[in-house]
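Once you've looked at the hints, go ahead and assemble the two chains, each given alone in its own frame, into the complex.
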Amino acid sequence: EDQVTQSPEALRLQEGESSSLNCSYTVSGLRGLFWYRQDPGKGPEFLFTLYSAGEEKEKERLKATLTKKESFLHITAPKPEDSATYLCAVQRRSGGSNYKLTFGKGTLLTVNP
Amino acid sequence: KAGVTQTPRYLIKTRGQQVTLSCSPISGHRSVSWYQQTPGQGLQFLFEYFSETQRNKGNFPGRFSGRQFSNSRSEMNVSTLELGDSALYLCASSLDQGKLFFGSGTQLSVL
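For the record, the sequence lines run as chains B and Z. The opening residue of the first sequence carries number 1 in this note's numbering; numbering runs sequentially from there. The opening residue of the second sequence carries number 1 in this note's numbering; numbering runs sequentially from there.
The shape of chain Z in the complex, shown without the other chains (with noise of 0.2 Å):
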């Protein structure tokens, strides 16, 4: 069974640009979250969708959005990049409560 697939897996861009990032889940795993993780601050959630509808949101400002598609397959898009964007965006997928599988991520540096 192929596991998460998160593209692209390095992605180098420069400030003011925007980005999107693409995951798709485990094959019948309806649940897609993203998460950025940073040395400073660790892994900190971004959203969580189900069925193509956000369930749930963290505490990123509006540059930062996503969305999910029939086949829930996921992209989030980040806009005006600052600097501090720089981090591992990983995405997650789910079946049951909680018990997440990760993707290996994309590395975004912001310059």
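Chain B on its own, in the form it takes in the complex (with noise of 0.2 Å):
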């Protein structure tokens, strides 16, 4: 059974002060891993999909990787506006179609201005 661990559940910042967070997984053949903002009150909104270790993908202040156990959201000089919960998923290799993400708990991101 596919496994998406996040840590640390919660992590305040100050604002300007750079931090990662973590996704570990276990997936019997990763096709993707995706990455999901999510404000309070609203669904899960796409950050990024990486596909292979090594891999890396940047927009704005965020940073993706992907190694073959886990991936990392870095987050360089926070803003306020990026407290949310982010949510790593998994998407398994198989045959024919399969659109079923498992998704980690996430982790609640305070940035404090």
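Derived from the structure by calculation, the hints contain no laboratory data. Take these hints with a grain of salt, some might be off.
[As the list claims (entries may be wrong)] Have a look at the derived ranges for each label pair, beta carbon to beta carbon: (1) B/Pro80 <-> Z/Gln107: 17 to 27 Å; (2) B/Arg93 <-> Z/Thr7: 32 to 42 Å; (3) Z/Arg9 <-> B/Thr110: 19 to 29 Å; (4) B/Pro40 <-> Z/Arg73: 22 to 32 Å; (5) Z/Gly3 <-> B/Pro80: 23 to 33 Å; (6) Z/Ser51 <-> B/Ser83: 35 to 45 Å; (7) Z/Gly84 <-> B/Thr110: 21 to 31 Å; (8) B/Asn22 <-> Z/Arg73: 31 to 41 Å; (9) Z/Gln41 <-> B/Ser83: 17 to 27 Å; (10) Z/Gly16 <-> B/Arg61: 21 to 31 Å; (11) B/Glu45 <-> Z/Lys57: 20 to 30 Å.
[Unchecked claim] Listed next, the in silico SDA-like pairs over lysine to any residue satisfying Cα-Cα at most 25 Å (straight line): (12) Z/Lys99 <-> Z/Phe45; (13) Z/Lys99 <-> B/Asp39; (14) B/Lys79 <-> B/Pro113; (15) B/Lys42 <-> Z/Gly58; (16) B/Lys79 <-> Z/Ser104; (17) B/Lys42 <-> B/Lys69; (18) B/Lys68 <-> B/Pro8; (19) B/Lys69 <-> B/Asn112; (20) B/Lys57 <-> Z/Lys57; (21) Z/Lys99 <-> B/Thr49; (22) Z/Lys13 <-> Z/Arg55; (23) B/Lys79 <-> B/Leu30; (24) B/Lys59 <-> B/Thr5; (25) B/Lys42 <-> Z/Thr7; (26) Z/Lys57 <-> B/Ala53; (27) Z/Lys99 <-> B/Thr85; (28) B/Lys63 <-> B/Lys79; (29) B/Lys105 <-> B/His74; (30) B/Lys42 <-> Z/Leu81; (31) B/Lys59 <-> B/Asp82; (32) Z/Lys13 <-> B/Gly41; (33) B/Lys69 <-> B/Thr85; (34) Z/Lys99 <-> B/Pro40; (35) Z/Lys99 <-> B/Leu47; (36) B/Lys42 <-> B/Ser94; (37) Z/Lys99 <-> B/Pro113; (38) B/Lys59 <-> B/Ser18; (39) B/Lys59 <-> B/Ser94; (40) B/Lys79 <-> B/Lys105.
Using N, Cα and C, we set each Cβ at its ideal position, and we do this for glycine too.
This is the structure in structure tokens:
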């Protein structure tokens, strides 16, 4: 069974204080690893997809990296508007179409001004 | 381009009742997935439909069911509601494999 573990569960940063969120996963053949952001009262919003170890993607202050066992979401000089829950999910490689994502429980990030 | 629309936004039901939730995907998206989100379990996959056919199903009891119409709109139904069914139910549509676009969800409270 696919498993995704995110750490820490919650993280408080001061504005400008860079840090990283961790996503450890076990999956029988990874097709893709996804990062989403979720604000209170809203559905998750897509951030990145990573497909192979060594791949990196960036968007504004966020950078996602992938190894064979984990992914990191690096946040550089965060601002209060980066406060949200960040979710990691994996998709298994399988025969035929399989859109199921297995999600971690998320990291609640709070950035104080 | 309009996003994924879910109705209703909030719903309060009592144990034993049944409920139907609705989802309109992004225009052109033929895949619709449903997820249940709770504080304890996080997001859990319910099922996925493509061109009116259920292609994948999660580990939920048969009380949870869904369907998709020819216009890609989808509904999910929960019968004989239990207190533990209280959750945020999220619908997501997809064009490319894996990149899901979520709606804002239906917050279901079972009393």
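Hints and how they fare:
{"no.": "1", "hint": "B/Pro80 <-> Z/Gln107: 17 to 27 Å", "in the structure": "holds (26 Å)"}
{"no.": "2", "hint": "B/Arg93 <-> Z/Thr7: 32 to 42 Å", "in the structure": "holds (35 Å)"}
{"no.": "3", "hint": "Z/Arg9 <-> B/Thr110: 19 to 29 Å", "in the structure": "holds (25 Å)"}
{"no.": "4", "hint": "B/Pro40 <-> Z/Arg73: 22 to 32 Å", "in the structure": "holds (27 Å)"}
{"no.": "5", "hint": "Z/Gly3 <-> B/Pro80: 23 to 33 Å", "in the structure": "holds (25 Å)"}
{"no.": "6", "hint": "Z/Ser51 <-> B/Ser83: 35 to 45 Å", "in the structure": "holds (39 Å)"}
{"no.": "7", "hint": "Z/Gly84 <-> B/Thr110: 21 to 31 Å", "in the structure": "holds (29 Å)"}
{"no.": "8", "hint": "B/Asn22 <-> Z/Arg73: 31 to 41 Å", "in the structure": "holds (38 Å)"}
{"no.": "9", "hint": "Z/Gln41 <-> B/Ser83: 17 to 27 Å", "in the structure": "holds (23 Å)"}
{"no.": "10", "hint": "Z/Gly16 <-> B/Arg61: 21 to 31 Å", "in the structure": "violated (48 Å)"}
{"no.": "11", "hint": "B/Glu45 <-> Z/Lys57: 20 to 30 Å", "in the structure": "holds (26 Å)"}
{"no.": "12", "hint": "Z/Lys99 <-> Z/Phe45", "in the structure": "holds (15 Å)"}
{"no.": "13", "hint": "Z/Lys99 <-> B/Asp39", "in the structure": "holds (18 Å)"}
{"no.": "14", "hint": "B/Lys79 <-> B/Pro113", "in the structure": "holds (7 Å)"}
{"no.": "15", "hint": "B/Lys42 <-> Z/Gly58", "in the structure": "holds (23 Å)"}
{"no.": "16", "hint": "B/Lys79 <-> Z/Ser104", "in the structure": "holds (24 Å)"}
{"no.": "17", "hint": "B/Lys42 <-> B/Lys69", "in the structure": "violated (29 Å)"}
{"no.": "18", "hint": "B/Lys68 <-> B/Pro8", "in the structure": "holds (20 Å)"}
{"no.": "19", "hint": "B/Lys69 <-> B/Asn112", "in the structure": "violated (31 Å)"}
{"no.": "20", "hint": "B/Lys57 <-> Z/Lys57", "in the structure": "violated (31 Å)"}
{"no.": "21", "hint": "Z/Lys99 <-> B/Thr49", "in the structure": "holds (8 Å)"}
{"no.": "22", "hint": "Z/Lys13 <-> Z/Arg55", "in the structure": "violated (29 Å)"}
{"no.": "23", "hint": "B/Lys79 <-> B/Leu30", "in the structure": "violated (32 Å)"}
{"no.": "24", "hint": "B/Lys59 <-> B/Thr5", "in the structure": "holds (23 Å)"}
{"no.": "25", "hint": "B/Lys42 <-> Z/Thr7", "in the structure": "holds (13 Å)"}
{"no.": "26", "hint": "Z/Lys57 <-> B/Ala53", "in the structure": "violated (29 Å)"}
{"no.": "27", "hint": "Z/Lys99 <-> B/Thr85", "in the structure": "holds (18 Å)"}
{"no.": "28", "hint": "B/Lys63 <-> B/Lys79", "in the structure": "holds (15 Å)"}
{"no.": "29", "hint": "B/Lys105 <-> B/His74", "in the structure": "holds (18 Å)"}
{"no.": "30", "hint": "B/Lys42 <-> Z/Leu81", "in the structure": "holds (24 Å)"}
{"no.": "31", "hint": "B/Lys59 <-> B/Asp82", "in the structure": "holds (12 Å)"}
{"no.": "32", "hint": "Z/Lys13 <-> B/Gly41", "in the structure": "holds (20 Å)"}
{"no.": "33", "hint": "B/Lys69 <-> B/Thr85", "in the structure": "holds (22 Å)"}
{"no.": "34", "hint": "Z/Lys99 <-> B/Pro40", "in the structure": "holds (21 Å)"}
{"no.": "35", "hint": "Z/Lys99 <-> B/Leu47", "in the structure": "holds (9 Å)"}
{"no.": "36", "hint": "B/Lys42 <-> B/Ser94", "in the structure": "violated (30 Å)"}
{"no.": "37", "hint": "Z/Lys99 <-> B/Pro113", "in the structure": "violated (32 Å)"}
{"no.": "38", "hint": "B/Lys59 <-> B/Ser18", "in the structure": "holds (15 Å)"}
{"no.": "39", "hint": "B/Lys59 <-> B/Ser94", "in the structure": "violated (29 Å)"}
{"no.": "40", "hint": "B/Lys79 <-> B/Lys105", "in the structure": "holds (23 Å)"}
Against the hints set out earlier in the document, violations occur for numbers 10, 17, 19, 20, 22, 23, 26, 36, 37, 39.
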